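> Reconstruct the complex from the two isolated chains, following the hints.
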Amino acid sequence: MHHVIVGAGPAGVIAAETLRRKSLVDSITIIGNEPYPAYSRMAIPYLLAGDVAEEGTYLRHAENHFSDLEIDILNESVTAVAPTDKSVSLSNGESVTYDRLLLATGASAIRPPISGMDSPRVHNCWTLSDAHKLLHDVNAGDRVVLLGAGFIGCIVLQALVEMKLDLTVIELADRMLARMMDDPGGRMIKTWCEAKGVKVRTGAEAIAVEERDGALEITLGDGSSIAADHIVCAAGVRSNIDFLAGSGINFDHGILVDNHLQTNIEGIYAAGDVAQGPDLSTGEQQVHAIQPTASEHGRIAGSQMAGEAVPYGGSLSMNVLNTLGLITSSFGLWDGVDGGDRVASEDQTYNRYLRLEFREDVLIGALAIGLTQHVGILRGLVQTGVRLGAWKRRLMSDPSQIMHAYLACVQGSRA
Amino acid sequence: MYKSLLIDPAKCTSCLQCELACSFENEGLFNPAKSRIKVFEFEHGLTTIPYTCTQCEEAWCLHACPVEAITVNPNTGAKEVSDSICVGCKVCTIACPFGTVNYNSSTGKVMKCDLCGGDPQCAEVCPTGAIVYVDSDWTGYSKMRDSALEAHA
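Chains A and B supply the protein sequences, listed in that same order. If you count by the numbering used here, then the first sequence holds residues 10 to 424, one letter each, in order. If you count by the numbering used here, then the second sequence holds residues 406 to 558, one letter each, in order.
Note that these hints are calculated values from the structure, not bench results. The structure displayed is predicted, hence computed values, not measured ones. Just so it is clear, CB atoms sit at the ideal spot from N, CA and C, and this is done for glycine as well. Mixed in with the good hints there might be a few duds.
[Claimed, not checked] Heads up, incomplete: computed chain B residues facing chain A, CB under 7 Å, no partners named:
# : residue
1 : M406
2 : P471
3 : V472
4 : K495
Next comes chain B alone, as it looks inside the complex (with noise of 0.2 Å):
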C-alpha cells in the first residue's frame, strides 16, 4: 500500500522547518521560495496550514503535461516531474486545481511534491507530527479536510 503525507494544522507551530528541510533536499539549499510545501499563516500566525501536493488521484498535471515529463513512480504513488523531459511550458502549473506544481524561475521547470522518493524530509523533520507520513487509508483529500475541519471547528 502506498503511503501519503498527513497534515494536521492544528499541530502545526509555523516553524517552517519543513520549508528548509524540502528546498535543502530538492534544491540544494535553505531557501523557503524553493519549497514545495508551504506553510500559510492565517489571523497574523494564530493558525498555519501546511500544504503540498496529496498526489491526487486524477492528476490533472500529470494528464496536462504535452510532453510526458510527469509519471509516476511505481514504488510510491507519487507524480513526479522529470527535469530532463520538463520543457517548462508551465500549462500543469494552471492544469492543477489545488495549485501544488509551480515555476521554478532559476531551472526554466516546474516543481511539485516527489514525497522525497518514499523518504518526505518535511515528515522527517516536522518537531510536532503535524506533518506525517502514513499508510494511504489514512488520508487523501477528504481525510486532510475533515483533519482540518475538525482542528479548527
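Same shape as in the complex, but just chain A (with noise of 0.2 Å):
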C-alpha cells in the first residue's frame, strides 16, 4: 500500500508519523513544494523577533528523522488529481501513483485586490522565505504599515515590535482580533498596543498604494494617506485548493471532509489548513486554519488511512496569542447562542478580561485576556460538554472560579 501525502506542514507530517506507528509494510510518500526541511509556520515570528534561528522553526530535529522512519520526501509542486488514475501530476510533468492520498496543502497569504500591491516593498509573512525577504529588506527604524490586525497580524506585530519598526497597524474591521476577540476585548488590545507605541487605526481601509521615490504611500478610505517604507501584509489567508479543479473533489472554501476527514472520493483524505472538516461546537465544516486543528487532523487522518475507521466529533476552534505581553485565547463560541447565557468580568486596571459563554449549564464558548495559569481547562470544559449544574450559577456571579468548576465537574472533586 502506498500512502502519498501532499503537503510537509504539521498535518501532512504528523499524519506520515501516525500512518508509520500503525503500519510498518506501508510504503508512505510526502510530496513538500518549499525548499526547506518541514517546518512550522507558527515559529516564523520568533524568527523574525531574533529569538530562535532557522533551525528552530523545523517541525522535526533529528538529522534523519524521516529517513529513520522510512518516509520519504519529494521536493515538488502537485499540479493536478486523477482520481481515476489514482495518480498526482507534478509540475516536473511526472507523476505519482497512490493507493491512498491524503491532501494536506494548507493555505496561502492572500492580498486585498487594491493597486500597488505588488511592489518589491509589499511583504508577506507567512512562508520561511516571506521571512527571508522580510529580514533581508526592512532595516530597524524603518516606518513599516501592518495590514491587518487578525490573529496571524497580531502575532506578526509582535514580531515587527522587536524587529524595532515604526509601526502602523491599519485594520478592516472595527478593532482589533475581529475574528477571536469582542468590543471590550478588542478595546483593552488596542488601547495595551497603543500605550506600547504602537499606532493602531481600526475602521480603516487601505484603498490604494502608489510607489513614490523609494517609499510607498498608502491611501486610506477617509481620503488621508500614511507614508512608509514597507508594507507588511497580513490581510488572510486561503486554503490551496486551486489544482483541484476538474479532480471531482468536493471543496468549498477548502476541502469538504466528513467526519473521517475523507472527501467525496473513496481513498482521498484532506487535513490542516485545506481541509473544510467538521467543527466541533456546530456540526458544521469549517477551515479552521489553526495548528491545533492540524495537528488534530494529522493523527486522525493518519489512522484513517491506517484503516482505523473512527469517526470523530469535530475539532474545536481556539487560538493563543501574545501581543506584546498580553496574552490572549478564545475557545469555541465564543460570540454565545441564541437562548444562552453570559458573563464577562473586566478588569482594565490589571487588563484581564474572562467572559463566559453557556448552553444550559454546558459552557460552549470562552475569551480570556491576561490568563496563563490553567487556561486549558476552557477547552476541557467546552471539550467535554461536561454538565456544570449548581456551579454554573456560582459562575454567573463570578466567572473567576472557572477552575474550581473544573476540578469539581470534570475531575470528580465535590463541590
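Structure below.
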C-alpha cells in the first residue's frame, strides 16, 4: 500500500508519522513544494524577532527523522489529482500513483485587491521565504504599515515591534482580532498596543498604494494617507485548492471532508488548513486554519488511512496569542448562542478579561485576556460538554471560579 | 514500569510545601506562582486539592507543539518541555484540556510537571502522604478521580 501525502506542514508530517506507527510495511511519500525541511509557520514570528534560528522553526529536529521512519520526501509541486488513475501530477511533468491520498496543502497569504500591492516593498509574512525577504529588506527604524490585525496580524505585530520598526497597524474591521475577540476585549488590546507605542487605526481601509521616490504612500478610505518604507500584509489566508480543478473532489472554501476526514472520493482525505472539516461546536464544515486543528487532523487522517475507521466529533476552534505581552485566548462559540447565558468580567487596571458562554449549564465558549494559568481547562470544559450543575450559577456571579468549577465537575471532586 | 504521582486530596492539609518545593527545584526560587503543582482550596480551605499533570497517554500538549519542544522522557514517561526549543507560542497551554501546561512570563516559555527527572520534590516534601510517587498501576486519571470521589463522598 502506497500512501501519498501532499503537503509537508504539521498536518502532513503528523499524518505520515501516525501512519508509520500503525503500519511498518506500507510505503509513505510526502510531497512538499517549499525548499526547506518541514517547518512550522507558527514559529516564523519568533525567527523574525531573533528568538530562534531558522532550525528553530523546523517541525522535527533529528537529522534523519524521516529517513529513519522510511518516509520519503519529494520536493515538488502537485499540479493536478486524477482519482480515476489514482495519481497526482507534478510540476516536473512526472506523476506519482497512490493507493490512499492525503491532501494537506495548507493555505497561502492573500492580499487585498487594491492597486500597488505588487510593489517589492509589500511583504507577506507567511512562509520561510517571506521571512527571509523581510529580514533582508527591512531595517530597524523603518516605517512599516501592517495591513491586518487579525490573529496572524497580531502575532506578526509582536515580531515587528521586536524588530524595532516604526509601526502603524491598519485594520478594516472596527476592532483588533475581530474573529477571536469581542468589543471590550478588542478595545483592551488596542489600548495596550497604543500604550506600547504602536499606532493602531481600526475601521480603516487601505484603498490604494503608490510607490514614489523609494517609499510607499498608502491612501485610506477616509482620504488620509500614510507614508511608509514597507507594507507587511496580514490580510488573511486562503486554502490551497486551485490544483483540484477538474478532479471531481468537492470543495468550498477548503476541501470538504466528513467526520473521517475523507473527501467525497473514497481513499482521498484532507487535513489541516486546506480542509473544511467538522467543527465540534456547530457540527458544520469549517476551515479552521489553526495549529491545534492541523495536528489533530494529521493524527486522525493518519489513523483513517491506516484503516482505523473511527469517526471523530470535530475540532474545536481555539486560539492563543501574545500581543506585546498581553496574552489572549478564545475557545469555541465565544460569541454565544440564542437562548444561552453569558457572563463577563473586565478589569481595565490589570488588563484582565474573562467571558464565558453557556448553553443551559454547559460551557460552549470562552474568551480570556491576561489568563495564563490553567487556561487549557476552558478547552476541557467546552470539549467534554460536562454539565456544570450548581456551578453554573456560581460562575454567573463570579466567572473567576472557573478552575474550581472544572475541578469539581470534571475531576470529580466535590463542590 | 513507569511511576506516577498519586494524589489523595483527603490527606492534603494545604500546607503548600509541594508548591514551594516545586518552584525551588525548577525555578530556583520559593514562589508558588511558579509551581507546576497547585493546591486549590474549596469551602475556604475545608477541602483542598493538589493538582498537576498526570503525564496522560494522549499527550495533547506534545502533539500540538509546532516545534517538537515537548518530548517523552524514556526513563520516567514524563512529557518534558525543552526550554531551548520552546518558542513560547503557548499552543500547548490551550491544547491541554486539563490545563496543566502554563505560560511562564519570566522565561517566555511554557512550563509543566516533568516529575523532576524521576524524583518529584512535591512527593518528597509532602508531610502527610497526600502526594506519593508510586508504580503507575496505582494511578492514572480514573484512579485519581475515584480517589477524589471516595474522599469526598
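> State for each hint whether it applies.
Hint by hint, here is what the structure shows:
no.: 1; hint: M406; result: 22 Å, violated
no.: 2; hint: P471; result: 4 Å, holds
no.: 3; hint: V472; result: 5 Å, holds
no.: 4; hint: K495; result: 5 Å, holds
In terms of the numbered hints stated before, the structure departs from hint 1 and from no other.
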